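Q: Whatever position you read off the sequence shown (first residue = 1), add 1 for the numbering used here.
Honestly, the hints are just simulated from the structure, not real lab data. Remember, it's a predicted structure, so these values are computed and weren't measured experimentally. Hints should not be assumed to be uniformly reliable.
Claimed, not checked - In the BS3-like style, the derived pairs of lysine-lysine whose C-alpha atoms are separated by at most 27 Å in a straight line are: (1) Lys196 to Lys184; (2) Lys87 to Lys196; (3) Lys87 to Lys50; (4) Lys149 to Lys184; (5) Lys149 to Lys18; (6) Lys87 to Lys149; (7) Lys87 to Lys18; (8) Lys18 to Lys6; (9) Lys6 to Lys50.
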Amino acid sequence: MNWGKELRAFRQRTGLKQEAAAHLLGVSQAYVSRLENSTASPSAQLEVKLERLLQEPEHRPLFEHFRTTISHSPHLISMLAEVDGKVVVDTVSEALRDHGTPFERLTPGEVLESTNSDVIEILNAFLTLGAFSGRVASMQVTWTYENKGDPVSHWRTTEIPVRDDAGRWYLHGAHVEITAEEKAQLLRDWDGPIKVRTFADDDSEGDAEPNPANDTEAA
Numbered sequence: 002m003n004w005g006k007e008l009r010a011f012r013q014r015t016g017l018k019q020e021a022a023a024h025l026l027g028v029s030q031a032y033v034s035r036l037e038n039s040t041a042s043p044s045a046q047l048e049v050k051l052e053r054l055l056q057e058p059e060h061r062p063l064f065e066h067f068r069t070t071i072s073h074s075p076h077l078i079s080m081l082a083e084v085d086g087k088v089v090v091d092t093v094s095e096a097l098r099d100h101g102t103p104f105e106r107l108t109p110g111e112v113l114e115s116t117n118s119d120v121i122e123i124l125n126a127f128l129t130l131g132a133f134s135g136r137v138a139s140m141q142v143t144w145t146y147e148n149k150g151d152p153v154s155h156w157r158t159t160e161i162p163v164r165d166d167a168g169r170w171y172l173h174g175a176h177v178e179i180t181a182e183e184k185a186q187l188l189r190d191w192d193g194p195i196k197v198r199t200f201a202d203d204d205s206e207g208d209a210e211p212n213p214a215n216d217t218e219a220a
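Please build the complete structure, drawing on both the sequences and the hints.
A: This is the structure:
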């Protein structure tokens, strides 16, 4: 096994810093760098530590456990990331993939693309509104899957920004299949396929004046 290549891939996937990996392995950060650059080879004892780090759950960062809960969730859940200005698939639940079209083809690392106008608008909004930089509290979107030879389906997805151990932002999405009529109503209610909730919205709700109609006094 190419331990350096495996360790680098593990760190990139989990956001683990070289210094943190060095601490877990009991070596220096400089040694980790040499190992990943293939200028050093691990001893048999270090290979055991590397295998434990890469495979045993207790040595994984917290966010890696979060990914695992998504992967094995019985609900229709996905998680998206931004890579080089593109929206990509990070994690997909088994239930979502098993649901069938259009999710069975989703693959981690795949760039999300579409010819559907509302999906294009949604993906662009994820990037321009700062969904991957923590600038929104949540986003609700409604969209339609249409592909020749496949059944048409309509969806409502709630996207919640979450952050990993390294400070990178992702979108945790919960998907619900809806009818064409329900989608049409959402488009009217939201004046488009997207409803954005900002942190300012949350603050304004917290500062709202109490409604006197909700106050009761003893007679």
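Q: Failing hints, ascending?
A: 3, 5
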